[in-house]
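**Q** Knowing the structure of chain A, use the given hints to seat chain B on it.
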Amino acid sequence: MNQEDDALVLGDHAYTSRLLLGTGKFASADVMARAVAASGVQIVTVALRRFDRDRPDDALLTPLLAMEGVTLMPNTSGARNAEEAIQAARIARELCGSRLVKVEIHPNPRHLMPDPIETYEAARVLAADGWLVMPYIPPDPVLAKRLEEVGCASVMPLGAAIGSGQGLASAELLKIIVREACIPVIVDAGLRAPSQAAAALEMGCDAVLVNTAVADAGDPPAMAAAFAQAVAAGRSARRAGLMPVGQEAQASSPLTTFLQGGERV
Amino acid sequence: MKILLNGEPYETVARFVSELIAEQAPAVRVAAVVNDRVVPAAEQATTALAEGDRVELLTFAGGG
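As they're listed, the protein sequences go chains A and B.
The numbering of the first sequence is the numbering used here, which starts it at 1 and goes up by one.
The numbering of the second sequence is the numbering used here, which starts it at 1 and goes up by one.
Next up, chain A with everything else stripped away, as it sits in the complex (with noise of 0.2 angstroms):
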């Protein structure tokens, strides 16, 4: 099937490329540059930060910005609440010109689990407000249609906490917000291995998005490239459809006995 006519839709924006990647915890800004491009991704979150003009390390958004068809993500990390958020993103624009936010409202540093509440309520003011609107969730059903209600352009629930590395964790649930959702469903958070990219493809997410698993890689412009081609080969299990899983054996060969001149059994 041809990868052109199954883009990922973000409003009105087509992408044909179904990872998203974060650009922070790179070892310089060359070696995030390197990964955006072996990895072929059009969408790179990016942070807002204290203009520091003791700190050489600003030169980020050059090289990103050099880069054709890639488009910057600003996210809204280190927001406490939705009016904190709101802010960011409001930022955010006079920065990069961006309809696109990753609303992420996650108070409490050591867990880093996203606040559903608040999430919810800056989501909706800033979809209302036009905005492209992907929000940063806890895996939960309920919490990804409301969001869908107010008219969010996707959800990104979590795999497992941020940084952790731990996987899908919560694919029993990512299960149910795919099965239910209209719009679409990026696992952002968790992921350390492309095969989990790949699974959380063929489950019927819509995409993934991954920072750590790329940057702490001992190679990040090649664990990006293999990122990309387990959400593509991913994505085409999910539209080839997995066979069914069965309870005994079914036999793939001719089970003749011709080896021993007998009759087939």
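Keep in mind that the hints are not guaranteed to be accurate.
25 angstroms max Cα-Cα, derived SDA-like pairs, lysine to any residue [stated by the list, open to error]:
1. A/K175 to A/Q247
2. A/K25 to B/N6
3. B/K2 to A/I91
4. B/K2 to B/G62
5. A/K175 to A/I91
6. A/K25 to A/A169
7. A/K25 to B/A27
8. A/K25 to B/V28
9. A/K175 to A/A232
10. B/K2 to A/R50
11. A/K25 to B/A61
12. B/K2 to A/D52
13. B/K2 to A/R53
14. A/K145 to A/R238
15. A/K175 to A/L8
16. A/K145 to A/K25
17. A/K25 to B/P26
18. A/K25 to A/H111
19. A/K25 to A/D5
20. A/K175 to A/G246
21. B/K2 to A/R55
22. A/K25 to B/A22
23. A/K25 to B/R29
24. B/K2 to A/D54
25. A/K175 to A/A217
26. A/K25 to A/M113
27. B/K2 to B/A22
28. A/K25 to A/R55
29. B/K2 to A/R49
30. A/K25 to A/T212
31. B/K2 to B/P26
32. A/K25 to B/L57
In short, the hints are calculated from the structure, not lab data.
**A** Structure of chain B alone, referenced to chain A:
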């Protein structure tokens, strides 16, 4: 005049937001927030600073 820049006391001769940004000479694009109001780029040259203003200059950093 004394303002609060990114949470720290700061002495500046800048009269407008655009002059404050020029004083900082950022190599990257920055967004300005004055007393919790996001100042659009087109208004930075006409938005005057006052004693005690709380100014935030923000930029993008890596994040997931």
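**Q** The structure should be examined with respect to each hint, and the outcome stated for every one.
**A** So, going through the hints one by one against the coordinates:
Of the pairs offered as hints, the one joining A/K175 and A/Q247 holds, with about 22 angstroms between alpha carbons and a cut-off of 25 angstroms not exceeded. At roughly 23 angstroms between alpha-carbon atoms, A/K25 and B/N6 fall within 25 angstroms of each other, so this suggested pair holds. Among the hinted pairs, B/K2 with A/I91 is consistent with the structure: their alpha-carbon atoms are about 24 angstroms apart, no more than 25 angstroms. The straight-line distance between the Cα atoms of B/K2 and B/G62 is roughly 31 angstroms, outside the 25 angstroms bound, and the hint therefore fails.
Between A/K175 and A/I91 the CA atoms are separated by roughly 35 angstroms; this puts the pair beyond 25 angstroms, and the hint is violated. With a C-alpha separation of about 23 angstroms, the suggested pairing of A/K25 with A/A169 holds against the 25 angstroms cut-off. Pair hint A/K25 plus B/A27 holds up; C-alpha atoms about 21 angstroms apart against a cutoff of 25 angstroms. Proposed proximity of A/K25 and B/V28 is supported: the alpha carbons are some 20 angstroms apart, at most 25 angstroms.
Between A/K175 and A/A232 the alpha-carbon distance is near 19 angstroms, which keeps this suggested pair within the 25 angstroms criterion. Between B/K2 and A/R50 the alpha-carbon distance is near 19 angstroms, which keeps this suggested pair within the 25 angstroms criterion. Note on A/K25 and B/A61: the hinted pairing holds, with a Cα-Cα distance of about 10 angstroms set against a maximum of 25 angstroms. Pair hint B/K2 plus A/D52 holds up; C-alpha atoms about 18 angstroms apart against a cutoff of 25 angstroms.
Between B/K2 and A/R53 the CA atoms are separated by roughly 19 angstroms; this keeps the pair inside 25 angstroms, and the hint holds. Taking the CA atoms of A/K145 and A/R238, the gap is about 22 angstroms. The hint holds against a cut of 25 angstroms. Only pairs whose Cα atoms come within 25 angstroms are accepted, and A/K175 paired with A/L8 is accepted, the gap being roughly 18 angstroms. For the given pair, A/K145 sits about 32 angstroms from A/K25 by alpha-carbon distance, which is inconsistent with the 25 angstroms threshold.
Between the alpha carbons of A/K25 and B/P26 the distance comes to roughly 22 angstroms, so the proposed pair stays at or under 25 angstroms and holds. Only pairs whose Cα atoms come within 25 angstroms are accepted, and A/K25 paired with A/H111 is accepted, the gap being roughly 18 angstroms. At most 25 angstroms may separate the alpha-carbon atoms for a hinted pair to count; A/K25 and A/D5 exceed this at roughly 34 angstroms. Straight-line distance between C-alpha atoms of A/K175 and A/G246 comes to about 20 angstroms, which keeps the hinted pair within the 25 angstroms bound.
Distance check on the hinted pair: B/K2 and A/R55 sit about 23 angstroms apart at the alpha-carbon level, within 25 angstroms; holds. With a C-alpha separation of about 29 angstroms, the suggested pairing of A/K25 with B/A22 is violated against the 25 angstroms cut-off. In summary, the hint linking A/K25 to B/R29 is supported, as the alpha carbons are separated by about 21 angstroms, within the 25 angstroms threshold. Taken as a hint, the B/K2 and A/D54 pair is honoured in the structure, with Cα atoms around 20 angstroms apart against an allowance of 25 angstroms.
At roughly 28 angstroms between alpha-carbon atoms, A/K175 and A/A217 are farther apart than 25 angstroms, so this suggested pair is violated. With a C-alpha separation of about 19 angstroms, the suggested pairing of A/K25 with A/M113 holds against the 25 angstroms cut-off. As the CA atoms of B/K2 and B/A22 are separated by approximately 17 angstroms, the hinted pair is consistent with the 25 angstroms bound. A C-alpha spacing of about 16 angstroms is found between A/K25 and A/R55, which places the hinted pair at or below 25 angstroms, so the restraint holds.
Under the criterion of a C-alpha separation no larger than 25 angstroms, the hint pairing B/K2 with A/R49 is consistent with the structure, at around 23 angstroms. Taking the CA atoms of A/K25 and A/T212, the gap is about 7 angstroms. The hint holds against a cut of 25 angstroms. In summary, the hint linking B/K2 to B/P26 is supported, as the alpha carbons are separated by about 20 angstroms, within the 25 angstroms threshold. Under the criterion of a C-alpha separation no larger than 25 angstroms, the hint pairing A/K25 with B/L57 is consistent with the structure, at around 22 angstroms.
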